[in-house]
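Chemist: So the sequence lines, in the order shown, correspond to chains A and B.
Sequence positions in the first sequence follow the working numbering and run 1 to 334.
Sequence positions in the second sequence follow the working numbering and run 1001 to 1305.
No more than 25 Å apart at the CA atoms, straight line, and that leaves these computed lysine-lysine pairs for BS3-like:
1) A/153 <-> A/104
2) A/113 <-> A/74
3) A/107 <-> B/1214
4) A/113 <-> B/1214
5) B/1218 <-> A/104
6) A/74 <-> B/1214
7) A/65 <-> A/184
8) A/104 <-> A/74
9) A/184 <-> A/113
10) A/107 <-> A/153
11) A/153 <-> A/74
12) A/104 <-> B/1214
13) A/107 <-> B/1218
14) B/1218 <-> A/74
15) A/153 <-> A/65
16) B/1218 <-> A/113
Treat the hints as calculated values from the structure; they're not laboratory data.
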Amino acid sequence: MANVQLRGIRKAYGSFETIHGVDLDIVDRDFVVLVGPSGCGKSTILRLIAGLEDITAGDMFIDGKRVNADPPSKRGIAMVFQSYALYPHMSVRDNISFGLDLAKVPKERIAAKVAEAARQLELTPLLDRLPRQLSGGQRQRVAIGRAIVRDPKVFLFDEPLSNLDAGLRVQTRLELAKLHRDMKATTVYVTHDQVEAMTLADRIVVINAGQIEQIGTPMELYNRPANLFVAGFIGSPRMNFIEAARIGETSCATIGVRPEHINVSAESGRWQGTVIHAEHLGADTNLYLDCGDKGLLTVRLFGEQRYGTGDVLHLSPVEDAVHRFNAEGRAIGR
Amino acid sequence: MAAAQSELTRARARSAWLFLAPMLVVLALTAAWPLARTIFFSFTDDKLGDASYHFVGFDNYFVQGDGYTDGILADPLWLSAVWHTVWFAVVSVALETALGLVVALVLNSDFRGRALVRTAILVPWAIPTVVSSKMWAWMLNDQLGIVNDMLQRAHLISGPVAWTANPSVSMISVIFVDVWKTTPFMALMILAALQLLPTDCYEAGRIDGVSPVKMFFKVTLPLIWPALIVAIVFRALDALRVFDLIYLLTSGSNDTISMSVYAQQQLVQFQKVGVGSAASTLLFIVLAIFTAGTLLLTRSKNAEA
Chain A
1 MANVQLRGIR
11 KAYGSFETIH
21 GVDLDIVDRD
31 FVVLVGPSGC
41 GKSTILRLIA
51 GLEDITAGDM
61 FIDGKRVNAD
71 PPSKRGIAMV
81 FQSYALYPHM
91 SVRDNISFGL
101 DLAKVPKERI
111 AAKVAEAARQ
121 LELTPLLDRL
131 PRQLSGGQRQ
141 RVAIGRAIVR
151 DPKVFLFDEP
161 LSNLDAGLRV
171 QTRLELAKLH
181 RDMKATTVYV
191 THDQVEAMTL
201 ADRIVVINAG
211 QIEQIGTPME
221 LYNRPANLFV
231 AGFIGSPRMN
241 FIEAARIGET
251 SCATIGVRPE
261 HINVSAESGR
271 WQGTVIHAEH
281 LGADTNLYLD
291 CGDKGLLTVR
301 LFGEQRYGTG
311 DVLHLSPVED
321 AVHRFNAEGR
331 AIGR
Chain B
1001 MAAAQSELTR
1011 ARARSAWLFL
1021 APMLVVLALT
1031 AAWPLARTIF
1041 FSFTDDKLGD
1051 ASYHFVGFDN
1061 YFVQGDGYTD
1071 GILADPLWLS
1081 AVWHTVWFAV
1091 VSVALETALG
1101 LVVALVLNSD
1111 FRGRALVRTA
1121 ILVPWAIPTV
1131 VSSKMWAWML
1141 NDQLGIVNDM
1151 LQRAHLISGP
1161 VAWTANPSVS
1171 MISVIFVDVW
1181 KTTPFMALMI
1191 LAALQLLPTD
1201 CYEAGRIDGV
1211 SPVKMFFKVT
1221 LPLIWPALIV
1231 AIVFRALDAL
1241 RVFDLIYLLT
1251 SGSNDTISMS
1261 VYAQQQLVQF
1271 QKVGVGSAAS
1281 TLLFIVLAIF
1291 TAGTLLLTRS
1301 KNAEA
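Please work from the sequences and hints to get the whole structure.
Modeler: This is how it looks when you write it as structure tokens:
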């Protein structure tokens, strides 16, 4: 197992720079999730760690050793691709053992490793099938099996769940969390889905436009977002932002309140709004209110609620859960 | 079954036949009818410029009399034509496949001016065979050819070689020109297959530390195999009925005569329609057996997978 360090990592394609100097310390055995919108560079960072892309500037260390010039196979990593990247003409068994066969590992040892990985991932009855005879979830497990048998120091996952349907995604997410607990391997995981990030990560790295916006535990990011981007990206439904001037605040430029931190009353409150849409989810109710010059606000209430379109409601933010941001979008400590 | 067919299915079948009809008529007129006539004439003693003919049974193919045998199958020239054709087909297709694979792999990688090279490489394939054969015949000419001139200047040969007339090298010349002409076709077919390969597999291979050579034999080759087989069958069928190249390059010499050239000689030069038809029929049978064999082989392989 190993730690991973990125020092001033930059990546440019020709004169076009996509990663603008990333510093990151990944602690041994941590599950780190790189999260951000499409095209923010999170996958590129993962591919730089893997060695599939050349580093333009900066230094990369795995287990204290500088690996800038090492090919992927010498970095002690294993990677699971979004598209699974299985060899279509090989059986599950051959897919898992292909790398080991070529590394001249003794046959009995390969067989034992494949059997163990197959047992762990419940692939044993499928070992002689071809990838096209498997479902998406099963293919994903084969890809994970191929990574496990390499005994890597660092596991790299590139959006491994995004090709799975919603139900399977939740189930595989649980399996990945369990796998990480069992293997205790350093893991770097890329996703655009903040729910995946929140549920899996020891630490989340929020990336935007080729730069790190914030690094922290899921709860740190939720409770103390460093800037408007992180505040808006983490949490669902999204945090409400209101121009401070419109509500008479002068200490900051923007205030942010999460939908779950607003109390609703029919009689009185700080702001008033009309319900324009209500989502009844059973466990929660999401209300979308038109609050005049304060804009469109979202409120999340626990349980079933009887409010509907056209209702006029009074809203009061939970005061110690209000986030304040300055004109540059940075959070002001509270 | 017929009762179970819905009205819609029947309507679809009707329109399908309607669309197919013109093609079936054209095929019958241009392929089936000439083929049937050729097989028919192969059992006669018909000659060009002579309208009357008699049935001679299998005499054009093989006849055994008192102490003599006759017919195509007893003609040593036919047997050497078969041998030349098979030899030409096997060697040229093998070389074209190997070279085409190399060219395709190069063209599949990213480099500056790739589009230009891709177009340029097609030039030999785009030139009509008549033109390129004549061109090469001149270049390989023993007195005036540029090939002899260049090889002599480079001191690789001491005197001019009659590349297309000398029996010991004429077949090599024919194969060389065919490889020059047809490698682009193979390269293009293989390149099309290469471009459909999943790229992520190769990244997984890099992480697994698979060497590029291993990757080629263990991943690339098995994955392009079906397309490669199709390309090889196409080329082999073409090569087995080779005519223009050999006829033009070596003027129908007996040292390089192919099955098609033999049939043409019998029919046109010797005016023996019956014997020429019989030779054509035999060539047709060889091609039919080869094609059926390949189809069966690939089909059983597909069923396995």
